Amino acid sequence: MANERTLVCGVQGSFHTSTKFFDEAESDYFGELEEALIHGDPITSSHGPKKGIVETARPPTLEIFPSWPMRHQHHQHPTVEQRKSEQSVESSEESGSVKDTANTTSTGVIAGAQSQVQCRGRGATEGEAQKGLVVIMANGAPQRTGAQQPPPSAPQIQYDNSHTEKKKIIAGSTRKDGKLLDAKTLRRLAQNREAARKSRLRKKAYVQQLETSRIRLQQLEHDLQRARTQGMLLAGCGASGEMSSGAAMFNMDYTNWLEEEGRHVSDLRAGLDAHLIDNNLSSIVDDFITHYDTLFHLKARLAQTDAFHLLTGLWTSPAERCFMWMGGFRPSDLIKIVTPHLDPLTEQQVIRLCSLQQSSQQAEEALWQGFDQLHQFLSATLSSEPLSTDVGADVSNYAGLMDIAIEKISSLENFVRQADHLRRQTLHQLREILTTRQAARCLLAIGEYYRRLRALSSVWATRPRDRALIGNETASPNTVTDLQTIQQSQYAHYSAF
Amino acid sequence: MQYGATTESWYVAAATHAMDPLERVERLASENAVVIFSVSTCCMCHAVKRLFCGMGVHPTVHELDMDPLGRDIERALARLLGVVPPVVPVVFIGGKLIGAMDRVMASHINGSLVPLLKEAGALWL
Numbered sequence: 001m002a003n004e005r006t007l008v009c010g011v012q013g014s015f016h017t018s019t020k021f022f023d024e025a026e027s028d029y030f031g032e033l034e035e036a037l038i039h040g041d042p043i044t045s046s047h048g049p050k051k052g053i054v055e056t057a058r059p060p061t062l063e064i065f066p067s068w069p070m071r072h073q074h075h076q077h078p079t080v081e082q083r084k085s086e087q088s089v090e091s092s093e094e095s096g097s098v099k100d101t102a103n104t105t106s107t108g109v110i111a112g113a114q115s116q117v118q119c120r121g122r123g124a125t126e127g128e129a130q131k132g133l134v135v136i137m138a139n140g141a142p143q144r145t146g147a148q149q150p151p152p153s154a155p156q157i158q159y160d161n162s163h164t165e166k167k168k169i170i171a172g173s174t175r176k177d178g179k180l181l182d183a184k185t186l187r188r189l190a191q192n193r194e195a196a197r198k199s200r201l202r203k204k205a206y207v208q209q210l211e212t213s214r215i216r217l218q219q220l221e222h223d224l225q226r227a228r229t230q231g232m233l234l235a236g237c238g239a240s241g242e243m244s245s246g247a248a249m250f251n252m253d254y255t256n257w258l259e260e261e262g263r264h265v266s267d268l269r270a271g272l273d274a275h276l277i278d279n280n281l282s283s284i285v286d287d288f289i290t291h292y293d294t295l296f297h298l299k300a301r302l303a304q305t306d307a308f309h310l311l312t313g314l315w316t317s318p319a320e321r322c323f324m325w326m327g328g329f330r331p332s333d334l335i336k337i338v339t340p341h342l343d344p345l346t347e348q349q350v351i352r353l354c355s356l357q358q359s360s361q362q363a364e365e366a367l368w369q370g371f372d373q374l375h376q377f378l379s380a381t382l383s384s385e386p387l388s389t390d391v392g393a394d395v396s397n398y399a400g401l402m403d404i405a406i407e408k409i410s411s412l413e414n415f416v417r418q419a420d421h422l423r424r425q426t427l428h429q430l431r432e433i434l435t436t437r438q439a440a441r442c443l444l445a446i447g448e449y450y451r452r453l454r455a456l457s458s459v460w461a462t463r464p465r466d467r468a469l470i471g472n473e474t475a476s477p478n479t480v481t482d483l484q485t486i487q488q489s490q491y492a493h494y495s496a497f
Numbered sequence: 001m002q003y004g005a006t007t008e009s010w011y012v013a014a015a016t017h018a019m020d021p022l023e024r025v026e027r028l029a030s031e032n033a034v035v036i037f038s039v040s041t042c043c044m045c046h047a048v049k050r051l052f053c054g055m056g057v058h059p060t061v062h063e064l065d066m067d068p069l070g071r072d073i074e075r076a077l078a079r080l081l082g083v084v085p086p087v088v089p090v091v092f093i094g095g096k097l098i099g100a101m102d103r104v105m106a107s108h109i110n111g112s113l114v115p116l117l118k119e120a121g122a123l124w125l
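From first to last, the protein sequence lines stand for chains W and H. Numbered according to full-length UniProt numbering, the first sequence spans residues 1 to 497. Numbered according to full-length UniProt numbering, the second sequence spans residues 1 to 125.
No lab work stands behind these hints: they were computed from the structure. Just so you know, nobody snuck in bad clues.
Which stretches of chain H does chain W cover? Using the computed rule of at least three CB atoms under 8 Å from a CB of chain W, they are:
| id | region |
| --- | --- |
| 1 | 35-44 |
| 2 | 51-58 |
| 3 | 104-112 |
In silico negatives: residues of chain H with every beta carbon more than 10 Å from chain W:
| id | residue |
| --- | --- |
| 4 | 1 |
| 5 | 2 |
| 6 | 19 |
| 7 | 22 |
| 8 | 26 |
| 9 | 30 |
| 10 | 66 |
| 11 | 71 |
| 12 | 80 |
| 13 | 83 |
| 14 | 97 |
| 15 | 98 |
| 16 | 99 |
| 17 | 122 |
| 18 | 123 |
| 19 | 124 |
Small disclaimer: the values here were computed from a predicted structure and weren't measured. We put the beta carbon where it would ideally sit given N, CA and C, even for glycine.
Extracted from the complex, chain W is given alone in its bound form:
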């Protein structure tokens, strides 16, 4: 292939690059052509179907003749004719046949073939150029011949090494033949190059993909680590070791939920302050309620695997956890908190709110009684066998006992789900009863209430432990100021409210 390129470079640059030469279709065409030449089949007949492709194909031999203009439309015929001419040149060393065949089409190529033949005895510029080329080709010939497969080319190859111009031209023609015979190899080489190029591109793309995925993975891992530590902190470090994976995931999700809730709160506040029309504010309110719904959905999902986690409230702050009702807020409490912020209320609204309060209280009571009965059943089951006996003594009874207990515990999921369902229904009913602005204020009030509760937890957790001690000692100016600063810092938390 290097020889080919040298040829191309040596030429006056009127050639197209060899990339076009190595076109797939071209290669196919030449492969066929070469075979046809070898087997002596009439070429034209075999080229019918390939006409369209061949129109754009350029015979390799064209590049050998730089001075003749390259015309690509009629390659098929000139190529055919050229080859024929070359073949006849080899066999007969007569220009007559060439002239005959040259009559079919008039292209530069044919003219080239003609002049090539005519140049045999003359030192025309083209001929000299040819000679030079021929010399190069001749130099390259030994390498080229090595790649040739069909034996019929052998005598022609040997012919390459002659020194007469005629012979050189013949050598050129045999060179061409050598090249033709090489076409299969050339084609293969071309295909290999193409395949190699494609696979290099593919590899590049793949590596890039891998790189981006790696970066993304790193980011995800980092985020996961961060969120997990946050989740663990929220839950209290002590319990982190015992937490199930579902619970840890839920804690993470809850942390994200809280962040989003903050955004919803600020959106709502901005909406209220901006005195948006009801339609726009309504969409913000509804988005906020949908946000609560997603939390209930998350909880329902965790309830299937780890109802205990929800009920023990390790996902919330200590203050919230302490006064939690069945894994969340108590709906009637919420209504009590919210009602003062909803003034002015119409009488109809007051009545509806009251009945909502009453219904939620009744529902809560019912659920609580069911939950209590579950507890009673469980107690009864676990204490059914004599508690003083060693477990090992009566394994089968123990196993049976545990089975019943587990069955009871499995209904915990149901209770948590019903409690969340009650909370969700209460929120939606509030939305029904209230106007948009009232609903907005209601949601803000709920958000703020729980934010304060969480803040209380953290303030309480970070309070100085030795306050009691300081209080008992004689107050020195330093300690007084210390106390004051401590108190001030604590009150600073409240100033935001």
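Knowing the structure of chain W, use the given hints to seat chain H on it.
Showing chain H alone in chain W's frame:
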């Protein structure tokens, strides 16, 4: 709250063994204003019973685990609700199916339960 005359029903069922469970469900449901299909050991059923009692309603309870044909009834109820058993508690008011616990809760919160009860004559105010 009165416990459904399952013993009577049992004798009747013994006589009419071929009665379709769904038909039986409908018959039982229409006998009283408020009918609850329950299982004695189920705590959620206990919750729903307490809910109605807390409102001053006296529902008729059919404990399916005490009923020899309880299994069939449970399956029929599951088909009615379109869920997989266990399905209890299931509540009928005025012969009409209300549903399982979450439907009852939801209807109570949105204020539709009380009018239904009044309509069925289970509640007077």
